[in-house]
Amino acid sequence: MNGKAQPSIASPARSDPPIVIEGLCNSFGGNVIHDNLSLTVDRGEILGVVGGSGTGKSVLMRSIIGLQIPDEGSIEVLGRSITDAEEDEDIDIRSRWGVLFQGGALFSTLTVAENVEVPLLEFYPEIASELRHEIARFKVMLSGLPEDASSKFPAELSGGMRKRAGLARALALDPELLFLDEPTAGLDPIGAAAFDRLIKELQDTLGLTVFLITHDLDTLYEICDRVAVLAEKRVIAVGTIPELLALDHPWIQEYFNGPRGRAARSAQAGASQKRTGKMDNPAGRGA
Amino acid sequence: MREWADCTNMVEEGEAATIALTGSLTVACIGPLDRKLRALDGQVKRVDLSGVSEIDTVGAWTAWRTARDHGAEIVGASEKAERLIAAIRKSKGTADIRPPRPAFLLRIPAAIGALVLGWGQGSVGITGFLGAMLISGWHTIRHPARLRFKALVRQVELVGVSALGIVGLMSFLVGIVIAQQGAVQLRQFGAEIYTINLTGRLAMRELGVLMTAIMVAGRSGSAFAAQIGTMKLTEEVDAMRTIGVSPVEALIIPRVLAAVLMMPLLGFYAAVAAIVGGAFLANFALDIPFFTFLSRIQEVVPIHDVWVGLIKAPFFGLIIALAGCYQGMQVQANAEEVGLRTTMAVVQAIFMVIVLDAFFAVFFTNVGWG
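Protein chains in written order, with this note's numbering: chain V, 1 to 287; chain C, 1001 to 1370.
No lab work stands behind these hints, which were simulated from the structure alone. Possibly wrong hints are sitting among the right ones.
[Unchecked claim] Beyond 10 Å from chain C on every Cβ pair, some chain V residues (computed):
(1) SER38
(2) ILE93
(3) ARG94
(4) GLY186
(5) HIS215
(6) LYS233
(7) GLU254
[What the hints assert, rightly or not] Each computed DSBU-like pair below joins lysine-lysine, with the alpha-carbon atoms no more than 30 Å apart:
(8) LYS1080/C x LYS200/V
(9) LYS1045/C x LYS1080/C
(10) LYS1092/C x LYS152/V
(11) LYS1036/C x LYS1090/C
(12) LYS1090/C x LYS152/V
(13) LYS1036/C x LYS1080/C
(14) LYS1090/C x LYS1045/C
(15) LYS1090/C x LYS200/V
(16) LYS1092/C x LYS1080/C
(17) LYS1045/C x LYS1092/C
(18) LYS200/V x LYS1092/C
(19) LYS1092/C x LYS1036/C
(20) LYS1090/C x LYS1080/C
(21) LYS152/V x LYS200/V
We treat Cβ as the ideally placed atom computed from N, Cα and C, and that holds for glycine.
Looking at chain C on its own, in the form it has when it is part of the complex:
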């Protein structure tokens, strides 16, 4: 084990004492000695270093601090110890380790205030961001050659094509759950056959697009925030600006466009997968043959249900991409913020999607697409 540094307290006549430090006064061995010296009280006249076998800056600091606090003098210091003490004695040892924290009672209102301000600034910020994006979008429409076609295709692949597997599987399973749970309830009224209406309409109107939106927010919204946030940290975004490439045009338009284009397709695909899931369950559990289920779907699901789903989807895509890109562009300072902003992007996107979905539900019912 380690040879701990130690001290002996030699009380001479009267009050004054000599503290003799012994052993290895190094960072590895000083822990217990430091506590002992801190607990020391009474007058100390000398700190004797002649018994010290080895010393480093930490040992020098401890010896010097002890001497300073007790108004003692250091004796028996080796040439190295003196050199080290000379080097460290300029430190006042009072600087803050962390920025000062306000009192607890102040922190709560401050946090609430920051939250309110942050909410307000966030709303202004994201509106401004939407505006910047629309302006840039208008430029792209007027000069279609400036559209980053390759980036768009890449994002379409990431947002849409590579999501097919997971979105399909998830919707298929959700379809099974809806059909099965619906059948259990409807059986009580002898209305099992309405399972088809339930599954079909729910999938087309709500579930397909909503579940897809949540999945896309988790997969792609987070990726947008993290990617752009990291690019901000490494000053890639600044580099783009100086070269004359607009980050909105190069980074954000392709992502937003990809999300807006892919959401309706993915949403419709998810709805179909959910219906297939329902039909699959009906085939085995409800004695409704697979193809009978599908042909009944055609009869019981009005075409406006499909439109409802398809109209909502691009708005959801826009919100997800906007939240992701906006949060990514807000990253500053450090790596922790990339994580925070990514979380915020996903939470905001899902929340906004659900709020908007509620508005859409009321709206479509009122226009007679109930």
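Here chain V stands alone, though its shape is the one from the complex:
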């Protein structure tokens, strides 16, 4: 825990991008996944990352959080280089991000609350156990689980609850950066919509920067500020959805203008109309 980092957290005016990736190359045994990939994530935004299966979305996330050592390129997270970080610095950065893995990746022998307490205990052992328990409880509540879920073991939870519990653990240290790997995959539409809202709310309340891998078009339309498209081994485009739609790339066009893309867009249009109160639909349709 390097004290240097603390004053910089205290200055909210800082606008340097929390994630800067330049010239990233990854390959597995001759199979090139990323070739000269560059991407910048801005502070306070929700960046959605999309791409076909096997385009290396998860590998990109693993590279950013230091689980995958890239062949080449530089990755800077919160002003620190991940690719050639010293061991001490590593620890400091890790206390400033939270990661939600696809299946939740909860520790199966610990209860939900104990899972949330793991990072607290690891980084801030000076916190009294009462406060640690209280923190665990309100993080569980913040992630949208009923508080009595705190004492349950991961095996007793449904898939959706496990994701929320994983989110509670990711939020344990009040991170600045949140990595989400397909948070709504495998959830029912109602659960997925609720999870989207939850992420948006948390981002508003806590001022998070969110790096979000998803296949869920509704999520993209609903909560993402910008979307990065992974194809051809690099990020081919970053921008808001209207900006992407204006691009003439076959994959992007197919992705957003396919039947699912159109459905998501019209749902979004309907929702925003409802929000603004401009109901010019024929009577009864919006009900």
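Position chain C against the provided structure of chain V, taking the given hints into account.
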């Protein structure tokens, strides 16, 4: 170092006080302040956040809890602090962290009861498992094409062939130890030559197969439990069922069959290795030439000793494989259980093997193969 959050207690006239929190109210810096606030007593009228440089949910919680516990109001909160407090104030902060534990005095009888029940259910379970396996075995006999031949060969390789090195080495060394220790004792009676009888008969009847059983339980029984247990966790076993593949047929029959087939071979091989070990020692330490030792073995070890070893071996193999596969199939819930079940498989297998060995010893003596 970190800039710890702090507070000053400003006592105004009378009892009521204002607690002014200062510094960075974040998870990284709040530890000492939290203890200080908990120890606080006396009336508090206000919690002042105007001196706070930075706040996160943990800081908001601490401030709000202090205010709640003392019936105080929060003043001077920034817009962010208010937003955070609004978000966390719904938490009652009373939920259990772990499932409630019964009282100590209740836990002991409960544990004993669970042990007894577990033992009973385990016996029923493993008998049922044996039954399911026999039914499936009968199906396989009636439809031999359904035998997973490739899986069987693979298991034979894992259980048998790849164990040759370690089983051989272990038995060879045990043979040396028996011969050497036996010779020391028998020398006192001038009966050193009986070392050959001792080594030969012990190796063929008991040691070869028993040591092999222990080694196979440790190598393969544990592997069966861990493999099948992990497959249970990842729902591979369920997937098999839905496709119409019987897990007993696909997973258990090949393993059990491989263990039953390989145990006699490995046991006999181990006995031979032990005898060679004994002969090796006799050659150097007892002045009995290597080949004289071996030819004497032929004369002093009755052939029924070989049969005793060979008859016991498949039963031991069956027990080991059964315990391993049964425990693997019992895995549920979490990764810890895979470890527990694996341990249990090995312990059960070795224990059962030794119990059965005692029965066999009595049985074979009574039928005149003493």
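Those earlier numbered hints the structure runs against, lowest number first: none
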